[in-house]
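Chains B, W, Z and U, in that order, give the protein sequences. Oh and the first sequence: position 68 is 68 in this note's numbering, straight run, nothing missing. Add 657 to a position in the second sequence, counting from 1, and you land on the number used in this note's numbering. Add 943 to a position in the third sequence, counting from 1, and you land on the number used in this note's numbering. Add 1299 to a position in the fourth sequence, counting from 1, and you land on the number used in this note's numbering.
Derived by calculation from the structure, the hints in this document are not laboratory data. The structure presented is a predicted model; accordingly, all values stated were derived computationally and were not measured. Among these hints, one or two may not hold up.
Below, in silico cross-link-like pairs of lysine to aspartate or glutamate (DMTMM-like), each with a Cα-Cα straight-line distance of 25 Å or less [to be verified]:
id: 1; chain 1: B; residue 1: 561; chain 2: B; residue 2: 162
id: 2; chain 1: Z; residue 1: 1026; chain 2: W; residue 2: 827
id: 3; chain 1: U; residue 1: 1432; chain 2: W; residue 2: 830
id: 4; chain 1: Z; residue 1: 982; chain 2: Z; residue 2: 1063
id: 5; chain 1: U; residue 1: 1408; chain 2: W; residue 2: 768
id: 6; chain 1: U; residue 1: 1408; chain 2: W; residue 2: 830
id: 7; chain 1: Z; residue 1: 1214; chain 2: B; residue 2: 162
Example chain Z residues on the side facing chain B (calculated, C-beta under 8 Å, incomplete) [unchecked claim]:
id: 8; residue: 947
id: 9; residue: 1020
id: 10; residue: 1210
id: 11; residue: 1212
According to the in silico footprint, chain B covers these stretches of chain U (three or more CB under 8 Å from chain B) [unchecked claim]:
id: 12; region: 1308-1320
id: 13; region: 1414-1421
Heads up, the beta-carbon is just placed ideally off N, CA and C, and yes, glycines get one too.
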Amino acid sequence: MARVGVFVCFCGANIADFVDVPAVVEEAKRIREVKFAIDYKYMCSDPGQQQIRDAIVQHRLTSIVVAACSPRMHEKTFRKALSDAGMNPYLLEVANIREHSSWVHQKDKKAATAKAADLVRMAVAKSIANEQLHEISVPVTKRALVIGGGIAGIQAALDIADARIPVVLVEKSPSIGGKMAQLDETFPTLDCSQCILTPKMVDVASHPYIELIPYAEVLELDGFVGNYKAKIKKKASYVNFKTCTGCGACWQKCPVKVPNEYNMGIDKRKAIYTPFPQAVPNKPVIDARYCTMLTKGKCGICSKVCEKGSIDYKMQDEIIEREIGAVVVATGYDLWDPKPYEEYGVGRFKDIITSLEFERMVSANGPTNGVPVRPSDGKVPKNVVFIKCIGSRDEAKGIEYCSKICCMYTTKHTILLHHKVHGSHSYVFYMDIRAAGKGYEEFVKKAQVDTGATYLRGRVSKIYKKGDKLMVRGEDAQIGQVVEVEADLVVLATAVVPNKDNPDLARLLGVSYDKYGYMSEAHPKLRPVETAKAGIFLAGCTQAPKDIPDTVAQASACAAKVCGIFAGDTMKKDPMISTVNKEFCSGCQNCVTVCPYGAIVTEEVPMGHGSKEMRTVAKINEGVCQGCGSCVAVCRSMAISLAGFTDPQIINEIVSI
Amino acid sequence: MDYTNQIREIASKLFAEGKIDVFVGYRMTGFDENQVPALIRDPNEVSKLVFTDKSVFNLTNYLKQDHTRNKRIGMVVKGCDSRALNLLLTESQVKRENLHIVGIPCKGVVDENGNKMQNCIECIFPNPVVFDEMVDGTPTGSEAPPYQVNTDIQNIAAMDLVERRAYFEEVFESCIRCNACRHSCPMCYCAKCCIDQETSTLYHGANTTSSAFHALMTWSLHLAGRCVDCRNCEKACPSHLPLHLLHKWNEQVIYENFQEHLAGVHEGDRGAFYKYSMKDPDDFIM
Amino acid sequence: MSVELFVTDKAGLTKFYEAIISKNETYAPVEKFGKYDFKRVSSFDACNPDAPIAQTMSAKPLFFPRSAKIMKYTADHSGTSVKETDEDSLAGKRVILGMKHCDARALQVLDKVYNWDYIDTDYQRRRENTVIISARCDKAETHCFCTSLDYDVEHSDAMDVAIVNGTDGKVFIEARTEKGKVFLKEMNIEQRISNNEFQVTDETAPAAVKQQYEAFAASFRLKMDYTEVNARLSKIFDSPEFENVSANCISCNTCAFVCPTCHCFKISDEKVKDTGVRYKSYDSCNNGYFTLMAGGHNPRPVKYRRWRQRALHKFVYYKERFGENLCVGCGKCTNSCPVNISIFEVVKQVSETVSV
Amino acid sequence: MEAAVNNQLVSIEKPEIVAPPDWEPVIIGILCNWCSYAGSDLTGTSRIQYPPNIRIIRVPCSSRVDPWFLIKSLQTTADGVLVSGCHPGDCHYISGNYYARRRFLVTKKLLNFVGFHENRVQFSWVSAAEGPKFAKVVAKVTEDIKKLGPLHLYKKENFEK
């Protein structure tokens, strides 16, 4: 027979002013199972908790009801109190008489008291059906998978590996480095991007705990936190990385020239190529789309010049498997294609370029050796117009959000232009200058003074050609007049959008994503690096637009989370998950269909005691189940129950009002 | 509609080829014009099999019985029966390889008074949707008519709230809680039915109007999107309750709101409650 | 001249029924969804005392309700206290019309078990306070086999007043028990005679009644000697034939729920807040969980064993213990069976596998 | 049908049932933990007032709500039921509320079919930020149920409440 203790809190005046607390205690005492009931000024205080601990021992209580604030507030506190008194913490129920009664029925004390008494009665009834639950421990495979080898992936991989946890780093392209490797200098300090990035890339390649798998994609991820199994496709590179020394003879001799993605197509690379000189690993791959040996069976020059015989035209894609305990997704971003801005002449006028194209041009290792030129005639531009918010904050043509980094990199570009082209002048059309960040506002202010750039607040309405110049017409909202600027070059600060593969990847990982394609964090404020799927974390622009410091911070946070999972040999998990009563399960597998986490599998059990005939029943994977209860509601046989929210518990609440 | 000879031939052939252990069909009661299900295990008894428009009972009900489980079964199915079978296959209750399905191009069966049953008049899928062989060759398949709203449903829906409440109160009052509806339903195969899991608060087995309401409502919701409208339940009900009203209503609601196919028409389709669409109606939610 | 046997015509009988209904708490078959069930009636038009046997539920629930409240309880801080249930709505003085002789006979069979061991006072009170008026069938229906069983259908005293259709539109009314005699007196039989609604019968009347019975007895399709069946069935507990005859059964329980003699029940509680009600409701031995024990053991896990239990309980065990078959041959189970299993045929088939 | 006849509150489904003069409806609110329960907490912290008839039950997700909870509620203690979950797309468990939405629609229509006013069971999406909305929803449901009158669902036969 259940022996329930009821503890009603005054919460100072918060509850007591609007609910007759002693009356609630009296009402609770009338319930058959209630053997002890008391009120106290602050139940959550240490003396309050002491009363609970004492009563548990003195009155041999079998479950506890605390009538106080929302369980979302102090459930953990009181569970701990139960634990301390040697009682299973899950025998606690909280009756929410503050948020649900005293605070919302302040004009009617009688009704608020009656409702509080009902809420207590419901909690008592529920607690009678509570079962002792124990934290679940799940064994973990101590190996992390990092998807994406940009700065986010590199940082996460290094941090995890430094904790002596093996990491598998999968990168889609032939080299790690990502977008940051394409940058010249970085705001607000103007350090050289390559100088700070390449040492980290080398660290990755040489780290004993990092297995770098470039030119590869994740195909499948099965399992659950601590116990994932990843299938990774290594794309055929046609070059044996083991023997290749990276001498470069092959790509120097290769006769096929194709646009160079690294330089935004401004110059050409070969069909066999390394993406950029500092690539890691610094081994070439053959681009099968263009190699004439692979497409037409003619050529074979690279094979002839390779002294090591590393070229293998028959190489096939290879699928490898790795057991993984946690995943960091760092797939980065793309830039938005500004084609919809037809009135600017995007596509028609060669001298309108994107910011990343400009970035490549002013980059010391760029296609123009660090000097910006006009694509139309190769002349060095003097007057450059920078237009911000191309695609960003534009519901009609682009996306609603602010891309966060454009204000800063445009400022950087004005400085770079100022440095590289003497006598040049920058015009910046902007909506707002958003320079929130350490040293950012100072950076903008200083740049404006140093470069003398003209900042024009307003939207550009039209760009048209006049001779070999571009005329940029826009509004200067501060003086309320239409202005026209004669430009040699127009640079569009295009919006940041998620990697186009994000939705597909999110689906295969079982992670949700938003309408733009950014993967969704578990909580926008309090769990910004976790996803709703346990053991999968987000770093960098895969979650939302970010600058480098934020990306690196989030990547390190991911690493901390991953190390947290791997801190013990097993992982502790909330026990409020589903369980299957095999006797009642009829094996229809509807639960398997509706489970959002793929947490339900099937198993074979004997028909009866000692029977040789087998039947199929459902089985919950404890590690994966998140306790939503979808399966419980579709189980017609009532074979599944969700600990903490079982049918008897909920029905007890319903019938005890 | 008389396929007696074809069925006997097929059954004999299956036994001769050693493909089946038991053949499930119909035989005469022996005392009147009605038929009963026949579970033929002895090839010599094949001559007992008949099939006419009196072959009413949905035989897939027998697939959940002890003595057919894990046996190789030959079974006669009409259109509605085959939909039940399809769902049972989808819900992993039978193994396809254990079944040899003999399809009947059904022209409708009749009730005790010899009138064509209403569900047969409204039937959209008279031909089996899953079978191994058809009597009379493959169906010529005249175009299925569009979904037809059941006339009984229309009549009830046209009543006002008070009348409907009074009507169904009589239904629930006349229910004697024998659970024959559930046992005769091919889709009710749970190891232990939820309404048998009696406790003082969950479900209780007393035969009160209230418990009949509870049991019938729960039952019809468990069959929502799964009922194939074979009317086994109505035939079994000793109180002659119009149980099809509940199922047909659910079917209509699901069809109209979720544009879902009828139950069991497609293999792998578990029914409306086991999937969703972003476009599902949302206007009834505040 | 018999003081217990009167004769009248259809119109006289209707008037008699109307008088009964107006003066007494009367129960009679009332149609609902094409099926007749015994309900409290307040006018003759609402009921049909001649409801056909195949479409009529047994009147058993008037004595052994489908669900009876056996107690109420309150559970609060002072402990659990049992309260009286509501007043028994079936305990008052009342009359049942339109109950067939087989249905009435079933009560006599049930009397044995209710007055043995534990005496069910509720049942007894209901029995004592009830007058049963029964019209004898004119013709057997497809599944009737009452004459094959071990009781005297012709002179049955299971009903208090018997009504027999004679030839030429004559209707005989006969008090079969003391209760019946008293009831007829209460219904002012003398005045009806003086009003010429009823006539006192002459010496030809018993012969006319007998003639009707003979015609009725001759109309049976099903005939079998059940004394022999009892003997045979008692020998074949292990017969494999039970498995064959039960193969068709879908364990739907209908047979037990409509049977006028089945009397198995289960106990269930319904509790809301701190008040509970305990019910005693019908159960069926065909139900797979009928014999499931708390420890998980089920002595009758398979269908044929449950089927055997049902058949043997009806024709062997009950007979051995109480001297009666737990079956009255009404055919209700066969009529209701969704797969048309006939208990008559099944028992015949099984018993024919052994010789006496 | 007019619910109030001669100032007497009657059940809309069974007009022969008259409410006692001090009758107050009991409404069961089943709320999902992540959105609606948090939203109802916010209503409290914001001190937004609403009628006191609702009794709240916490479940992890609206998809945990088996339709028979609603049936059981109406059958035993409640005059009306409100179920509330996360907005479509916001489900903490990815897709739970989509499954729930289908079940709710069918349940609501079925109850209406067998003679219960459609307002006896109501549904809402209330996010953790929508404290004011929760108060509005509760006020509306309470008002609706008050108009419908008491729900004596066969329970009179069993209990003297």
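How the hints compare with the structure:
no.	hint	in the structure
1	561(B) / 162(B)	14 Å, holds
2	1026(Z) / 827(W)	30 Å, violated
3	1432(U) / 830(W)	41 Å, violated
4	982(Z) / 1063(Z)	23 Å, holds
5	1408(U) / 768(W)	30 Å, violated
6	1408(U) / 830(W)	21 Å, holds
7	1214(Z) / 162(B)	61 Å, violated
8	947	56 Å, violated
9	1020	5 Å, holds
10	1210	19 Å, violated
11	1212	12 Å, violated
12	1308-1320	violated (count 0)
13	1414-1421	violated (count 0)
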